[in-house]
Amino acid sequence: MSENYEPNIVAFLCNWCSYAGADLAGTSRVQYPANIQVIRVMCSGRVNPLYVMNALQQGADGVLVSGCHPGDCHYMEGNFYARRRLGMLKDLMEFVGVDPRRFHMSWVSASEGNKWKEVVEKTVEDAREAGPFEGFRRRQIDW
Amino acid sequence: MDLEQLRKTAAEVVARDDVKYLIGWKKGSYGSRVAPAFVEDAASVIELIFSPSCTANLATYLTLVEKTPLPRGQETDKRKVALMAKGCDSRAVVQLLVEKGIHREDVIVIGCPCPGMIDQSLLAGKYGDTEERSEVRWNGKDFTLVRGGDEIEIPRNDVLAEKCRLCRHPNPVISDYLIGEAVKEWDPAEDSGVGELEAKDVDGRGDYWEGQFSRCVRCYSCRNVCPLCYCQDCILDRLNPTWINRAVNFSENTAFNISRAFHLAGRCIECGECERVCPANIPLGKINRKMAREVREKYGFEPGLDPDAEPFQASFKPDDPEDFIL
Chain H
209 MSENYEPNIV
219 AFLCNWCSYA
229 GADLAGTSRV
239 QYPANIQVIR
249 VMCSGRVNPL
259 YVMNALQQGA
269 DGVLVSGCHP
279 GDCHYMEGNF
289 YARRRLGMLK
299 DLMEFVGVDP
309 RRFHMSWVSA
319 SEGNKWKEVV
329 EKTVEDAREA
339 GPFEGFRRRQ
349 IDW
Chain G
26 MDLEQLRKTA
36 AEVVARDDVK
46 YLIGWKKGSY
56 GSRVAPAFVE
66 DAASVIELIF
76 SPSCTANLAT
86 YLTLVEKTPL
96 PRGQETDKRK
106 VALMAKGCDS
116 RAVVQLLVEK
126 GIHREDVIVI
136 GCPCPGMIDQ
146 SLLAGKYGDT
156 EERSEVRWNG
166 KDFTLVRGGD
176 EIEIPRNDVL
186 AEKCRLCRHP
196 NPVISDYLIG
206 EAVKEWDPAE
216 DSGVGELEAK
226 DVDGRGDYWE
236 GQFSRCVRCY
246 SCRNVCPLCY
256 CQDCILDRLN
266 PTWINRAVNF
276 SENTAFNISR
286 AFHLAGRCIE
296 CGECERVCPA
306 NIPLGKINRK
316 MAREVREKYG
326 FEPGLDPDAE
336 PFQASFKPDD
346 PEDFIL
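Protein sequences appear in the order of chains H and G.
The numbering of the first sequence is my numbering, which starts it at 209 and goes up by one.
The numbering of the second sequence is my numbering, which starts it at 26 and goes up by one.
Worth flagging that the hints you see were computed from the coordinates, not collected in a lab.
Glycine is no exception: its CB is placed at the ideal position from the N, C-alpha and C atoms.
Among the hints, erroneous ones may be present.
[As the list claims (entries may be wrong)] Here are the simulated distance ranges between beta carbons:
{"no.": "1", "chain 1": "H", "residue 1": "M284", "chain 2": "G", "residue 2": "D167", "range": "51 to 59 Å"}
{"no.": "2", "chain 1": "G", "residue 1": "D183", "chain 2": "H", "residue 2": "N212", "range": "53 to 61 Å"}
{"no.": "3", "chain 1": "H", "residue 1": "E342", "chain 2": "G", "residue 2": "T169", "range": "35 to 43 Å"}
{"no.": "4", "chain 1": "H", "residue 1": "K330", "chain 2": "G", "residue 2": "G205", "range": "53 to 61 Å"}
{"no.": "5", "chain 1": "H", "residue 1": "D231", "chain 2": "G", "residue 2": "E100", "range": "30 to 38 Å"}
[Unchecked claim] Anything over 10 Å on all C-beta distances counts as not near chain H; from chain G, calculated:
{"no.": "6", "residue": "A40"}
{"no.": "7", "residue": "S69"}
{"no.": "8", "residue": "E235"}
{"no.": "9", "residue": "T279"}
{"no.": "10", "residue": "C303"}
{"no.": "11", "residue": "E319"}
{"no.": "12", "residue": "Q338"}
{"no.": "13", "residue": "E347"}
Chain H on its own, in the form it takes in the complex (with noise of 0.2 Å):
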C-alpha cells in the first residue's frame, strides 16, 4: 500500500434524513474526510444489494449505506427492509472474501450532523486499514 493512499468511498444516502444530515454536517462547517462519493437515493430500502457488489466492482474501495434510524422513516417502513437485506449481504460478502470493514451500514437522521462525521471517519479510517480493493474489481485491460 503506498503512502498516499486514499480510499474511495460510495456512500448512498437516503433523501429525508442521511442526505439532510451530511448537508447539516456541510452548513456547520463540520470538517470530516473528503473520500466519500455521496449519491441520493430516496429511501435506504430502495439501495438494492447489488449496488455495493457493483460499486466495489466498479472501483470503489469501500461502500457506506445510510438512512433513518428504524420507526424514522419517510416511507414508514424502508429502512427495516434495507437492514435485513444488507445485513445479509454483508455475511455474504464476508463468506466469499470481502473485507468486511469495505461495508458499513449506519442511521443518521436530519439533525446528526456531527454523527455523520463520526460516522464518515469511521467508515474511511477502516477503508483506509483494509488497503485498495483488489478482490473481484473489474480490471481494464490492455490489448
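Starting from the known structure of chain H, fit chain G onto it as the hints suggest.
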C-alpha cells in the same frame, strides 16, 4: 417404497379430467440413472419408479413450462400438474407457493418420504459405471446395487448425497397423497464444508472462492436447474442496465455468483441441484447453505416450511439484528 401404491395413486390422479400430466421418475438410459417422466395417461404409469437414484428435484419443471402466446380463440390449459415430491422437492413447492410462483390449486403433490438419495458421481467413482441398466435399492439402513444379477451391498455413507447427509426434512412438508409411511428423520451431519471455510480468515476465504469462481464457465446451469430461479426477466439476461457483463473472468464470475447467492438467501431450500449440475464442480451448496444457516440462526426463518409465511426478503421484523450498524 411401495411401487404398487405409487402407480395406483398415479393412475388415479392422471385419469382425472382436471390433471394435465404427472411429473415423476422413470428408468434412465444407462447405469442406475433415472430420467424425469411426464405421464399423461393412466396406461403409462407402469414406467414410474422411485429409487435412491431419484436425486434430482422435479419441482423445477413446475415453473419451467414455456408459456408461448396462444392463437386467437384458444384458451390456456388450466389443468393441474401432479408432481412426485421428496422432502426437499416439497419445500421447493412450498416456497413457490409463498412467492405465488404457482397456485395451490394448480398443483397436486404426491409426497414420497425419502430415506436418502445417492450421489451418482460418488457411486460411479467407487463402484464403477456400466452401460447396462442397474438399479439401486434401499435395504433398511444401507443401499443395494443390483447389477447384472449381482447384488452389491453399499454402506449408506459411501454414496449418500451431501444434501441428504445434511437433510432435516426427509418427509414431504405438504402432500395431497402420501406414498407409504413417513420415514424416521435422522440427525443431520455437521456441515463440515461450511465450517472449514468459516474457520479461515477473510483472505483465506477470498483465495478459496477465487480458485472456485475462476473455473466458472457461466453456463448458467445452476440458474436453470434451480426450482426457485424462475424470473421471466433475469438480471443475468438483462442488457440495460447490464448488472453483470458477459465476459467470463474472475470479476464477472464473482459478481454473478454473489448475486445468485444473494437472490437465494432466505429462499434456498437446499436441494443441492446447483452443485449437482455444475460442470466445473464449484461447491455452490456451501454458499447457499451458509446463507440458509445465517437466515435460520439470526432471523429465525426457514424457507419452504409454511405456505402462509411472508417471503423472507420482502418482510421484516422490528427486532431484526442490527449489530453490524455503526
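Each hint tested on the structure:
1. H/M284 to G/D167: 51 to 59 Å: holds (57 Å)
2. G/D183 to H/N212: 53 to 61 Å: The hint (53 to 61 Å, Cβ to Cβ) holds, given that G/D183 and H/N212 are roughly 59 Å apart.
3. H/E342 to G/T169: 35 to 43 Å: Once the Cβ atoms are compared, 52 Å apart, the range 35 to 43 Å for G/T169 and H/E342 is violated.
4. H/K330 to G/G205: 53 to 61 Å: holds (59 Å)
5. H/D231 to G/E100: 30 to 38 Å: violated (58 Å)
6. A40: holds (46 Å)
7. S69: At roughly 44 Å from the nearest Cβ of chain H, G/S69 sits farther out than 10 Å, so the non-interface label holds.
8. E235: Answer for G/E235: violated, closest chain H Cβ roughly 7 Å.
9. T279: G/T279 is in fact no farther than 10 Å from some Cβ atom of chain H, at 4 Å.
10. C303: Non-interface label stands for G/C303: nearest chain H Cβ at 16 Å, farther than 10 Å.
11. E319: violated (5 Å)
12. Q338: violated (6 Å)
13. E347: Not fine: 6 Å to the nearest Cβ puts G/E347 too close to chain H.
Checked against the numbered hints above, the structure violates hints 3, 5, 8, 9, 11, 12 and 13; every other hint is satisfied.
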